Amino acid sequence: MKVGLFIPCYVDALYPEVGVSTYKLLRSLGVEVFYPERQTCCGQPMGNAGFQKKAHSLVETFDELFSGYDYVVAPSASCAAYVRFFHPEIMPEKECRAATKTMDIVEFLHDVLKVQSLPTRFPHKVSVHNSCHGVRELGLSSPSERNVPQFNKIIDLLRLVDGIEVVEPERKDECCGFGGMFSIEETAVSARMGQDKVRRHIATGAEYVTGPDSSCLMHMQGVAQKNHLDIKFIHVVEILAAGL
Amino acid sequence: MAAKENILERLRANIGERFEMPNIAINAIHYDNVVEKFAETCRTVSGADVVMGTPAEEDERGETSTVHGDIGVAENGCIWIPQREADRSFLFRSEHLNIIVKASDIVSNMHEAYARISESEEYFKDYKYGTFISGPSKTADIEGALVYGAQAARSVTVFIE
Amino acid sequence: MSTLHSKRAAEYQKNPDTVTHHDQTFYNVRAKRDRMAQALPEWEELRDMADRIKRHTISHLDTYLEKFEAAATTNGVHVHWAEDADEYNDIVYSILQQHGVKKVVKSKSMLTEECHLNRSLEEKGIEVIETDLGERILQMMKLAPSHIVMPALHVHKEDIRDCFKAQIAEYDEFRRCFYETQNKPIPEDENDADPTMLTFVARLHLRNQFMTADAGMTGCNFGIAETGDVVVCTNEGNADMSTSIPKLHIVSMGIEKLIPDYKAMGVFQRLLARCGTGQETTVYTSHFRGPKPGGEMHIVLVDNWRSRNIGNREHWQTLKCMRCGACMNTCPVYRRSAGYSYSYFIPGPIGINLGMLNDRLAHSGNVSACSLCMSCDNVCPVKVDLSHQIYLWRQQLDDFNCANPMKKAMSNGMATLFNHPQLYVNTLRLAPLANHVPHSLMHNCLNPWANGHEMMKFPKKSFHTLWKTIKEEK
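Protein chains in written order, with the working numbering: chain A, 1 to 244; chain B, 1001 to 1161; chain C, 2001 to 2474.
By construction, these hints were calculated from the structure, which means they are not laboratory data.
All values reported here derive from a predicted model rather than from experimental measurement.
We put the beta carbon where it would ideally sit given N, CA and C, even for glycine.
Incorrect hints may appear among the rest.
[What the hints assert, rightly or not] Chain A side only, calculated, beta carbon under 7 Å to chain C, not exhaustive:
1. Ala13
2. Pro45
3. Met46
4. Ser57
5. Cys132
6. Arg136
7. Glu145
8. Gln150
9. Phe182
10. Arg192
11. Met218
12. Gly222
13. Leu229
Full structure from sequences and hints, please.
Structure follows, in structure tokens:
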């Protein structure tokens, strides 16, 4: 199985260790991993700001770079969702071949590789951050608004880790207030949402907040530091790949 | 009549795809002991008192009024009360309302209730009004505090015959 | 470069306790809604059906309107058609004038807010009394609604007490009467603000209004095309009070309120209160099919841009909305910014969209009020894709010159950077230099991120750089 690794721009620049963990974890599970070096960004920041049309050539390039792989895997639910659901909308005149096979790492491990065990130990209490696009676009967990069978793929995977204690905050899938451009344009509300979210994570007694989106974690970390709220942040893939 | 023609004209010009009417068949909640469930819902959801039986005597119109309901709905405590006399204001002006409903007229859900109303020739023949009432008048408009007796009946007793 | 919403919302944040209270109040309503949804196994089936019935009805509105008019006319109702707010206000006034009406009692109607009916009638010398408790409080305090279902939940009870004291002449008498009926001693502190007491005072005050009004007005939650019924749902019974005492009943109804028949009504009745307030039902679900004996009933069908908006291929589905308010209660931005932060009279996700549909130049300042969390899409009983609609409006802002120039510049910059892989990689190499910018410079007012966040630190090596090593190890 050939997997194209998509490391979104901000993960590339700010959280390279998340990319490395993704790579190591996939390799350890016997997956052949490729990283097309001309990749940059999925275009979500522009779409989010109202300039989706400026992302057209990025969509085209993305498809050229990634359409040859069996799957495209990214350690970022929001970016994976943007590729899957918005690329076809941005480039309707062509078939987006990469879009349908683009997945977040959690989805890929849970649904495709169907990972049943991991040689990993992480003896800490973690509070799961169910990020909006993970929940409501990719279906990583059942949305709290809906009357559907309850599930959570992130928690399923974390439970494979030795020594871990997994909890969820009150209002388990309320938005943390990042929202891309939202956090810059609506700074006051965004910061308030972030504070509320971080406080609910802290109230669980967890040492770490973990989730499938470094963007939410980045936002919450910035808010936590600014307000001297004491909790650590770690991407879910870093836990799953701990010790590799 | 220009407005009507203009509106309809614009609608005809602007409506895009026309969607089919679905066949409304909901696999709706059903209660085996519908009377017991109805009584429970009236107490807990509607905030009404429930008495199994008939009121001792029909009170004079004033503080208390008594009225017959035709359908009781177990899922939400609604009771269908069609207008049967020229003045219906007593239903709302009374401080207390007694509603009598037959156990055999209790259904599980609103789909069944509306089906019954549709089938009956009687409703809306003489008086063109009917209402579902579920308990006393309520409000939570002041700081979300639930208060009974906002405008209409302050208390309701449901008699199940 | 802030939007109107963001400025007002920032102002609102200055009192964090108010924000906490507002957020929790409306989150509680959302939580009640969730419990309703979980209690019905057929919940998603109901939403799916409601969506399909509305799609059908809205896309056949021309035929259903004629059907409804015919049925209502047969029932002895006078049906009027209004193209816009002015025409609607004129029609209502002329009906009132013909009947020599001086005072109108009315139950809650968002359409009358949309058309500014009260102001129009008051200017012509007609007294209008709102009878929904929340609306009455706002009317007395000269405030606009902050929410479409619970319009005055943001007002503190002490302010309501002060308002009642000042404006209800019989306040002391009504208050005394309350404690007597409760067999309780009258509190020595005259400044008690018990919501039950205040509600009782309002009850007696409004009783007088019902008895002395010449006409009653209601809105309409659902119009049933087959039978001509107007269905009005309330918890207080004020729509029924307003229409069972005065002889004249005028219904204001947006043309999108139609549903086909009673079978459809069953679906919507089950959803409306569960979604809106988290109750199994409203206390009253009243069907008005015709005038009272010796009375008159009029229905005014109001278009006010709906027939134009139906032609908007991207946004027509907002016409499915039945104004339950669930999208507001779940919206994390609405809960923390409250109704007055929005320029349109309907706030929250549906209000952002309806405002844009009706006047996009006036209301583009609300489009920022969304983190695209998509919670609203999942509570909407008729499945309006609210967040995607907002996303689509953002794409159009630049076309009518309402785009934020900063965002435009950033998007242009990003497009250049991301379309040139070599430039992108070089920039990544330089990024860690930002770590050495002095804190004070980084945290200046020109950097909106730094208002709420500590700046992030760039690692020495990007993934792109690390990959070179990984590749060699392979």
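Now the hints, each set against the structure:
1. A least Cβ separation of about 5 Å between A:Ala13 and chain C falls short of the 7 Å threshold, and the interface hint therefore holds.
2. Here the hint on A:Pro45 is kept, as its CB sits about 6 Å from the closest CB of chain C, short of 7 Å.
3. Nearest Cβ of chain C to the Cβ of A:Met46: about 5 Å, under the 7 Å cut. The hint holds.
4. Interface hint status for A:Ser57: upheld, as the beta-carbon distance to the closest one in chain C is roughly 5 Å, under 7 Å.
5. Hint status for A:Cys132 relative to chain C: holds, with the closest Cβ pair at about 4 Å, below 7 Å.
6. A least Cβ separation of about 4 Å between A:Arg136 and chain C falls short of the 7 Å threshold, and the interface hint therefore holds.
7. Given the 7 Å rule on beta carbons, the hint for A:Glu145 holds: about 4 Å separates it from the nearest Cβ of chain C.
8. Against a cut-off of 7 Å between C-beta atoms, the interface hint on A:Gln150 is violated, since the closest Cβ of chain C lies about 10 Å away.
9. Given hint, A:Phe182 at the interface with chain C, holds; its Cβ is 4 Å from that chain's nearest Cβ, closer than 7 Å.
10. Among the interface hints, the one on A:Arg192 holds; its C-beta lies about 5 Å from the nearest C-beta in chain C, closer than the 7 Å criterion.
11. Given hint, A:Met218 at the interface with chain C, holds; its Cβ is 6 Å from that chain's nearest Cβ, closer than 7 Å.
12. The interface hint given for A:Gly222 holds, since its Cβ lies 3 Å from the closest Cβ of chain C, which is under the 7 Å cut-off.
13. Evaluation of the A:Leu229 hint against chain C yields a violated restraint, the C-beta minimum of about 11 Å exceeding 7 Å.
Consistency note: the structure conflicts with the earlier hints numbered 8 and 13.
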